Structures are given as structure tokens and as C-alpha cells.
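Colleague: Here is what each chain is made of, one letter per residue.
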Amino acid sequence: MCSDPGQNMIRDAIRDKGLDAIVVGSCSPHMHERTFRNAAVSAGINPFLVEIANLREHCSWVHDDLEAATQKAIELVRMAIEKVKRDKPLTKISVPVTKRVLVIGGGIAGIQAALDTANAGYEVVLVEKEPSIGGHMSQLSETFPTLDCSQCILTPRMVEVHQHPKIKLMTYSEVVKIEGFIGNFKATIKKKARHINEDLCSGCGLCITKCPTKKKAYNSFEEDLAFRPAVYIPFPQAVPNIPVIDETICMYYKNGKCGMCVKVCDRGAIDFDQKDTMLVADIGAIIVATGFKLYNIDKKSPDSRYKGYGEYGYGKYRDVIDGLQFERIASASGPTSGEIKRPSDGKVPKKIVFIQCVGSRDDSKGISYCSKICCMYTAKHAMLYKHKVHDGEAYIFYMDIRAGGKMYEEFVRRAIEEDDVKYIRGRVSRIYEENGKYIVKGEDTIAGMPVEIDADLVVLATAMIPQDNSAALARTIGIPYDKYGFFNEAHPKLRPVESTTAGVFLAGACQSPRDIPESVAMASAAACKATILLSSDTLEREPVVAKVNEDLCAGCFYCKKVCPFGAIEVKDVKDLNGIVYKEVAYINQGVCQGCGTCTATCLSKSIELAGFNNEEIFAEIAAL
Amino acid sequence: MDKEKWEPKIAAFVCNWCTYTGADLAGTSRMKYPANAKMIRVMCSGSIDPVFIIKAFERGADGVLVSGCHPNDCHYNAGNFHARRRWDFFHELLDFIGIEKDRLQFSWISASEGKKFADVIEKVTKDIKALGPFTAYKKMNSEFTAMFPEIPEADKEIVIKEKETV
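Protein chains in written order, with our numbering: chain G, 1 to 624; chain H, 1001 to 1166.
Quick caveat, the hints were computed from the structure, so don't treat them as lab data.
From a predicted model like this one, the values you see are computed outputs, not experimental measurements.
Nothing false has been slipped in among the hints.
Derived Cβ-Cβ restraints for the label pairs, each shown as a range:
{"no.": "1", "chain 1": "H", "residue 1": "1119", "chain 2": "G", "residue 2": "540", "range": "34 to 42 Å"}
{"no.": "2", "chain 1": "H", "residue 1": "1119", "chain 2": "G", "residue 2": "38", "range": "32 to 40 Å"}
{"no.": "3", "chain 1": "H", "residue 1": "1098", "chain 2": "G", "residue 2": "550", "range": "31 to 39 Å"}
{"no.": "4", "chain 1": "H", "residue 1": "1100", "chain 2": "G", "residue 2": "561", "range": "31 to 39 Å"}
{"no.": "5", "chain 1": "G", "residue 1": "532", "chain 2": "H", "residue 2": "1098", "range": "54 to 62 Å"}
{"no.": "6", "chain 1": "G", "residue 1": "89", "chain 2": "H", "residue 2": "1100", "range": "39 to 47 Å"}
{"no.": "7", "chain 1": "G", "residue 1": "427", "chain 2": "H", "residue 2": "1095", "range": "48 to 56 Å"}
{"no.": "8", "chain 1": "G", "residue 1": "588", "chain 2": "H", "residue 2": "1119", "range": "37 to 45 Å"}
{"no.": "9", "chain 1": "G", "residue 1": "71", "chain 2": "H", "residue 2": "1100", "range": "23 to 31 Å"}
{"no.": "10", "chain 1": "H", "residue 1": "1119", "chain 2": "G", "residue 2": "368", "range": "18 to 26 Å"}
{"no.": "11", "chain 1": "G", "residue 1": "66", "chain 2": "H", "residue 2": "1119", "range": "18 to 26 Å"}
{"no.": "12", "chain 1": "G", "residue 1": "153", "chain 2": "H", "residue 2": "1119", "range": "42 to 50 Å"}
{"no.": "13", "chain 1": "G", "residue 1": "310", "chain 2": "H", "residue 2": "1100", "range": "44 to 52 Å"}
{"no.": "14", "chain 1": "H", "residue 1": "1119", "chain 2": "G", "residue 2": "427", "range": "31 to 39 Å"}
No residue lacks a Cβ here, since even glycine has one placed at the ideal position from N, Cα and C.
Full structure from sequences and hints, please.
Modeller: The structure is reproduced here in C-alpha cells:
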């Protein structure tokens, strides 16, 4: 039916028999509803007077009993006929579009999305919660499979974002509220107080070197392997290169004294009285790129749904570290200047054990999925270690090696064959300390025997999990998320960068574990989707929206309470003299998304959802 | 009625985004399930009025299935939460109005759970079969007609006639 001859058959039937509505018995409406609606339009019928009886996915493909299936098909067609008899012609709704994109998250995905959108000529607001953009990629030493220096390839893009005339960069800021709908969002962004005047600061860094709270706080950029003073820049290549004052440890906030930074700053940029400010921006499309964090056994909150790995001694032994900490140790700009030294005593480890799938693929720990990047980065870690410590030994415990990607498998083979990294297939049961060594007890499932290694350093490839506040952010934006907290795409195969909320797109590891090239590809795709949306001045929406019958409405406003989109307002009804005699619900058709929750809630049954009104559904029920 | 040959009639109210799409997936994956359930597509499980369900029973359904997106996975953010609250309450009322609770079943089926959809239909069909045909409404209808025989034929549901003509 969906072929050209099939569509012509429909058109001919409409013309020859003078039809005013049609029912197509075919595949799912999700496949070809648009095709048949267009066919109807070309023959002069309103597109919403087309109903589809799903005879393929819901009938012929799923039933073995031919007689029962035929009977069901007849009934499905009968239901569609009863519905179409009561369908009303509808016209699409046209709404204006604000030509500005909000990008949430300034990691590599957010940076790429912002640059692509801005280069297409649209304004971008890039919001990052940390004091600098760069995200996790800026923490990495080298990247697989090319062993490119991560910062060397990232920082030019960070600078480009900062200097781009179309990009408004808001670091140390968070999105607190999103209102509105596709093409017409209103975003409220909280700009946290840096206590430094961004217009005056030259980024000389004198305040940082003179701050007396030298090593008061853990440096989160260095994954707690180093310390920082109260006034700090996360890392030397930070964009923007403007410090932040940490109120929790600054002496001035503690006892009102000190003020050393004020004395040394010759530009007068220190502003202790600076307050958080709120900014409201009109936005047409939103790209969410909030990334991931690592499954952190040590710092998990008491109510965390994840169970830890106490048997590995993470958080107990200083030389049992995670992947990001190893990145910092291996990084030339890291706390050890790139020399591989273990955190506890600064000795060069001669034996390292890497353990993969810590958290990932482990139902008992609450994470069933594969974190995807660990096989590759562990191979990279072992390789980097062997390049720096030539007489060292590197062992990797693995479950499977998943190296799907261009040059990935070759990279792993290189680690095994050229760099002599020893892969052991099996799990580790326990790690304990003995004479300054960490005894790793595991099993070699290929040899079928227990293994014991006295390691100097243990690196755990912990799972990638969503950011802590991902669920709260999803509710703020109004997008669905899965049981882990990753944001859901609209279709797993065909709409991977769109959320189900129109006008909100996803990029990078906030959707599921992603490596850098995938994040960048997703970001460009999301930017492309956003620019498609912004390229027209108005956009057309499906007219499936709710409408109030004002004569019936009793003004209880239960509908207002249940509406997930805040589309329902109070409207005054006036008599001929202009005196208000009744308040009724009014549904803003631009905001309404057409879920129909209000129709079921309405006590006086005065709300009808276009295309799915009560009369139509009762008719379907009656035809069962 | 021959219990062996009798096949229950089941009305399934499903949301457009998750369960209907999940059913599509079951079809694309060629999973097999009984042909007893007929689906009525609505935009969101939040828009399913309890009256729809009562109406389905009145119109001869032996069982009703209501299915939507998983909590937090709603296309409309919160519709399924409203639905869940409504059903929890409504389920309790079913007993009161004389319909066995098991005749009305709920489930969350996402767009990727074709297998779950097939399993749920299988289970619901089995459960309803075990309960037997739903006759309370028909019985009540006949009692009602016996009590008020003067009700003119023309006032009786027009829809029934339409159904017969198709």
C-alpha cells in the first residue's frame, strides 16, 4: 500500500467514490502514517481523516492461528472505521522559533555542539558548571588509539569557543529552570559567584601564588592526587583563565581577615561581596551534553543504589586507584609531571595490575551495561606505563576484550604483542596489603587456575555512570531518563541524538557510555538537528492538543494541577457588560504537547484531545 | 458455553510512545502471542479515563489491559505517574462494583520491550481465560430490561446497531 501504485489506488478511490475519510489496513502508523496522510491530502482529504489499522506488526506477524488472526484483522479495521467516522478535520499549528541554542555542559561534546551551531550562524549559550570548560577530556593524558596528547587537541577548540563572537560562554553556572516548548524555551541560568570580577581579571595568577591556604583542599581536576589553595584555576589551560574563590576554605570568609589576594591584585578584581546572579535567556533548541562520572566506590553516598567493591580496597589503600587518577599520574601536566609514581610513597611501581569491568557488567553491583571505553583505555594505560617504565610488568584482568572501532583491535594487539602487556582472563576476588605490596588474588579462567600477583599499584577500570544530578536535571528540562540516570533517546536506532521532548537534543556520554569520537559525532549530529530546527522562522506542529469547552468547564482547575507542561491557564469569562462571571481553564495550544492527562482528570468532561476525543475512543471500544 | 472453545475478548489501552511501539517491535521481531487482545491507542496512559475501562466491560470485554511507559520514561514526563495513581485507586473500586480485580491488569512496557509485550499479552490472556467470561454486565442489562420493559428500542445504544451493520 505504501508504494506508488498503492498510494495511487487510494487517490483513485477517493476521487472515484467521493470518499471523505479513509482507513488503511497496513503496517504500524509509526511507519507510514505520514505517507498515507500525504496521499489523502493530494486527493483533497484532510490528513487527520486518515486512520490506520495496524494489521502487520499487531496482527499478521504475531499470530499463528490464521482464523483468529483474520477475525482480529476484521475487528481492527472495524475499530478504525468507527473512529474515522468521528474524526474531525484538523489543521497544523504554526509557532515562531527563537534562533538561539542552549548547550548544557562544556566537555568535548558540548564544545563541539556549540562550535558547529555557532559556525552555522546561530547564537549559542554554553553553560558549564565547573569554572572551566574542557570536561573529562582535559584530564586525560593521551587518547587511544593514536596516543595523541589529549590537551593538545582539545585546548585549541576551548580557545575557539571562548573567542567565538556567536558563543556566550557561561562557566561556573547551572541551568535551574526550563520553561516553554520547542522553538520557544525560556532558560533560567544561575551564575555562581566567583568572587572575582571577570571583566577586570587579567589571569596573571598572582592571587593564587600568594594565597596562604596553600594546600587546603583536594584538587578535583587532579582527581584528589594534589591540593589547591582557596583561590584557584582548575588547570593551567583553563578557559576562561579566571580564578574562583572557594568560600568554604577562604580565610576571609572564615574570620574576615587575610585579604592577601586583594592586596596583590593590582587590577582590583577581587570582589568578596559578589553574589550569585540569575540570567533568563530565550532559547529555540537545547543540546544536553552533561557527560558522565566514574563509579566511585569510596565516595558513594549512603543511599547510593550502587554496591561498592570493598574487596578491592579502593578508598582504603592509597595505591588502589581508578582510571582517571591513572590518567593524571601519566599526564605530563599532572601531579607527578608525567612520571609514573604511586600515590602512597612516590615510588616507581614495578608491577601494575589493571582490573577491567569494575562495576560494569555486574548485575550484583547495580550496573548491567558495558562501559565501552574501559577495554581501550586500560590497554592504553598499560602501554603508557610500559613506555615509561621499561622494566615494569603490566597485568590486565579482563572478562572479554571489546575493541570495536577503527584501529581499536589493532591497538590492543599492539599492547599485547609489542609492549608485552599480560592479559589474564578472569576476575579478581580480593586485594590486600602485605609488606608494602598489594596481593591481588584472582583466577585465570583460561588456564583454569588461581593467580596471585604482588603488585605495587592497582588500577581499577570503574564503570561510567551518569552525573549525580542527571535525574534532577532531566526533570528540570523535561526529558525522560533510564533506570541508571542516562537520558533516553527518541529512538534507539533512528533518532539517537533526539530526546522525546521536541527541541531537546542529546550529545555524548549523558545518553550512554561513549568514547571521544562518538561524543564528537553525536555533538555534530545534535548541532545539525538544532540548526535544522532553527533554519525556519516558524514551525508546524501536530494539532493533537487539548481544548476546553468553556460552557461545560466548572473551573475546578484540577487539569492545571496535573498538566506536565504548565499549558493550562485561568481565563476569565465576561458577560456583555464586561463583568467577569466565571473562571474557566484555557489551554495554550503552543505549550500543550497533547498527552491528554487533563482530559482524564477533568470532572465535567469539558476537555477534549483533538484526534483522540472521548467520542472517538468510545466508538473504538464499542466496535471491539 | 463451551469452556474449551471460548476465547476471551480483551481490550488493551496502550500509550502511543512506549507500549504501542513495543508492540510494533514484537511484530517486527515476529514474536508470537494470542490474538485475543485488541489495542486502542491513546497518546499517553495519563489520558485513559476509568470510564473507558468500564465501557469496555459493558461492551463485552472479558478483560482489560492498561499499559504505558515505565516511570520516568514518559514522553510527557509525568503522564504515567498520574495514570499509576489513578489505577491504584480505581483497582480497589473494581471489587466494589462487582468486577473481579484480575480482569483489569496494568503493566509498564517500553518501546524496546517487544518480548515483554508478548509475555504480558500471553499472561493476561491466560489469566482472563482462567476467570471465564465476564457476564455480570449482560446479566444486569437483562435484569434492567425486565424491570423496565417499557424502554423504547430506539433509546438503546445506537452503537450496537452500527456494530452489527459493519
